[in-house]
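**Q** Residue numbers (the working numbering), protein chains in the order written: chain A, 7 to 305; chain B, 511 to 693; chain C, 76 to 610.
A portion of the hints provided could be inaccurate.
[What the hints assert, rightly or not] Straight-line Cα separation of at most 30 Å, DSS-like style, residue types lysine-lysine; simulated pairs:
hint : chain 1 : residue 1 : chain 2 : residue 2
1    : B       : K600      : B       : K653
2    : A       : K275      : B       : K557
3    : A       : K260      : A       : K49
4    : B       : K653      : A       : K195
5    : A       : K97       : C       : K418
[Said to hold, decoys possible] These stretches of chain A come out as covered by chain B in the derived footprint (C-beta under 8 Å, 3 or more residues):
hint : region
6    : 127-133
7    : 182-192
8    : 239-245
Hints are computed from structural coordinates only; laboratory data are not their basis.
For every residue, glycine included, the Cβ atom is placed at its ideal position computed from N, Cα and C.
Single-letter residue listing:
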Amino acid sequence: MTRHARTALSATAFAILGSLAPLAAHAEWGNLNMPVGVTVLSKEIHALHMTMFWWCVAIGVFVFGWMIWSLVAFRKSQGAKPDTTMTHSTKAEIVWTVIPVVILVIMAIPAARTLIAIEDTRNTEISIKVTGYQWKWHYDYLGEDVKFFSSLARASDEARQLGSGVNPESVENYLRDVDNPLVVPEDTKVRVLLTAQDVIHAWWVPAFGMKKDAIPGNVNELWFKVEKGKTGLYRGQCAELCGRDHGFMPIVVKVVTKDEYRTWLAGQKAGESTPADASSEPAADSSPTIAALPAAPQG
Amino acid sequence: MSEMREQNNRRLTLRLLGFAAGAFAFGFALVPLYDVICDITGVGNPKDLLRASNVQAIEHDESRLVTVEFVADLPSVGSWEFRPVIAEMKANPGRLYEIDYVARNLTGRDTVAQAIPNVAPGKATAFFRKTECFCFIPQNFAKDEERVMPVRFVIDPNLPKSIDRVTLSYVFYDNSTRVAALN
Amino acid sequence: MANTATHDHAHDHHDHKPHGLKRWLYATNHKDIGTMYLVFACVMFFLGGAMALVIRAELFQPGLQFVDPGFYNSMTTMHALLMIFGAVMPAWTGLANWMVPMQVGAPDMALPRLNNFSFWLLPFAFTLLLLTLFVPGGAPAGGWTLYPPLSLQAGDSFPLTIFAIHLMGISSILGAINVVVTILNMRAPGMGLLNMPLFCWTWLITAYLLIAVMPVLAGAVTMLLTDYFFGTSFFAASGGGDPVMFQHIFWFFGHPEVYILILPAFGVVSEIIPTFSRKPLFGYESMVYATASIAFLSFIVWAHHMFTVGMPLAGQLFFMLSTMLIAVPTGVKVFNWCATMWKGSISFETPMLFAIAFLFLFTLGGFSGLMLAIVPADFQYHDSYFVVAHFHYVLVPGAVFAIMAGVYYWLPKWTGRMYNEKIGKLHFWLSTIGVNVLFFPQHFLGLAGMPRRIPDYSTQFADWNMVSSLGASLFGFSQLLFVYVIWSAVRSGEKAADRPWEGAHGLEWELPTPAPYHSWETPPTRSVISHGAMH
């Protein structure tokens, strides 16, 4: 019996080692963990994730260690005699109820703290309404009269058709590229209002640490603030099953400097057709134009 | 099997069937309960936004300004035009304001439409009071008619301090998107 | 002690059983019905598994190679419905039918005719569900969670799906009522509730969960049905309804449902580990209380499935804390199993191997569950492959391994024949390696940002998807060995002893092998009961 177990174990070990060898050679194998991200929140969330992970490792070492110890030390084949008097122990039961409770409390405190930070939506500087459609995103810079759709880039869309014959490896950013990315400035608290036109979608950019559902007839909000100096392209996807092409409505966010953002926004208002291109158009004054104030207060 | 046991079994079976029937009813009871829980927990029930509130004599809070954003959505593209006249404003809690939404019927026929309101963040819902709104009743629109529709609202001064920005959003559903009887 | 039992059953009419089709169509014998449930579950397991292989084949490489995205969505939806309602739940009901009467010393289930009815609803329900594959618009593709408005976009499959779910629901409610009545009313004199084997306890609690929540699911899908056909707007924003409310109602059913799938597994493992450790279960009573508290907690954690819908802070905190609390009774169980093995005399027959794998891998699934409970982190994990890895770890090496362990464990008692230990062990090792190669990389995929329920992915996810798909075919095809090992045992296995496992305890082992068609017609005497418990 143990001989069988041993053969099988060594077989497993070989299988694992064998599959490990090519792993090292390939860059993509390194994608094992959550990205740290580029926002204040994503870093906190990542830290929380790692804390939880190490707690689980620690508990795992204890529990699995106990199991393995028992399985090795008390083998019948090694002549182990059962201690049939050992049936319960109130002391032990108390210990392994109380200690987990304490650990859980220790885990919950930083989680609650981060959660409160996430829910603090004060002092946002830009509001963008994001609307999920089957199967694309619509971005509306509130108060700026800048709005556009963002759909899967054509190269990906052609390659992803059933039997297209195009090798996805040959398409740059396959399924992660759009025609018009969302453009936001760095170091700015951006508020995203989420809704949907048809079914429920979810807006998720892993590097920003946040995901929230876009629900028809409902407005949800989330915020992010990309750290200064972290300009660049960040990619995400729809995360809530929304029908046939759920897998084909990516999100691309282009983070630019505040100046570039102002220029881009002005260009947009002037009717420039390439939203992603921030470099051209000498901008007019881009201070937000708010329409006339409301009818006189009547209170 | 003894008769006694048979009887016991039958009794327990019926009781459990009754329990199951009760659970089925409970499933439906969750619908009104959902609203009640929203109200009790102060989450705010969006359905309250469909009713006029009485806002006589609320004290102004001149020292505080809350940004109010106005958003308009349509369930389908092209058949309507629907937008707020202004995108956002600053409001003193306790003060009554009036703003307008504009809708134009491009469906090519006379129709009825109903606006469904929503407030973000959700917990501001209970503090967003409206004395008048085009969303209280379904709106009749002639073919190609354009109409300005007012909303009058007050933000309750008890709005939690953690909120400095409130979004009022409407989705405008017409007959073709199935307006159910709301009352 | 087998003598006592055989003696009671020495009247020859007991061996008269109906033959041919009628035996099964009109079956009222708990053993026949149990067999039918198990065979049905096995068929559904392979159908659902075939769908999983379609999914994994499409995901083997980036790009769409085999199926249309719409059909892919049908595959994920149907795979879940078949596995949950067609494979795991009927398998547990089958085991309950076989074992509960034998374990509590009852001659049969309390309501034999109802038992027949609740089984025969299932083939109809699943025929309806499978028929949707051939109707215009295809099978349901909105996910097994049936979230509106997406689920309301279904074509002709919609009413069939809803009706099938109603039938499955009625079947499980009736099955559960039968278990409760059997356990509460049919126990042999002297068999107190706290003398029952843990499998009966976990099933009793499961049955109550079923009776409480299956009707809620029925209510939810009925509301979907009226929204679809009769213009109500429970979940339609256009009529003042709220699609999020469906999720609340659904998960009020859905979370207890998760425990419906796993609690009986706790019971089976609590039978097997003491047997092969040759030592009584450690902390029997605390096991019962832990099971009950898990069941209770399952009613107040549902919203952790929907942290991203935009709940108020207080709600998120509440559901996070209540969810984390589940780790406590679950931990008690794991520790009790460890303590049972401690200072035992452990041997490693196939049922024990599956139980040990359960112990390790279910605990692993528990760890990822604990991580998912942390709301801010869940904002990253939610609807990613991390979640897929988590629930497959608790359901496959959790529930499914426990079912297999139970089948290996009790097969000699059912059939009177021993399975081939070598092939059984081969099945175990291939399954265990396969399941880990299949699901472990999915943790990485989810953390790296791959959403679930997508038919195609960007190239950065290609490598681990390929590994996962290889694991899937290894695991999937290994299950053919399971069928083979049972088939060969039934046909030509060695004769099994009355007590084939040295350390086995419980009333079922006091019966002769194979268990007579009618067992415990005369209730076991107190001395038989206490003898059974002593082992």
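**Q** What are the numbers of the hints that this structure violates, sorted from low to high?
**A** The structure breaks hints 1, 2, 4, 7 and 8; every other hint is satisfied.
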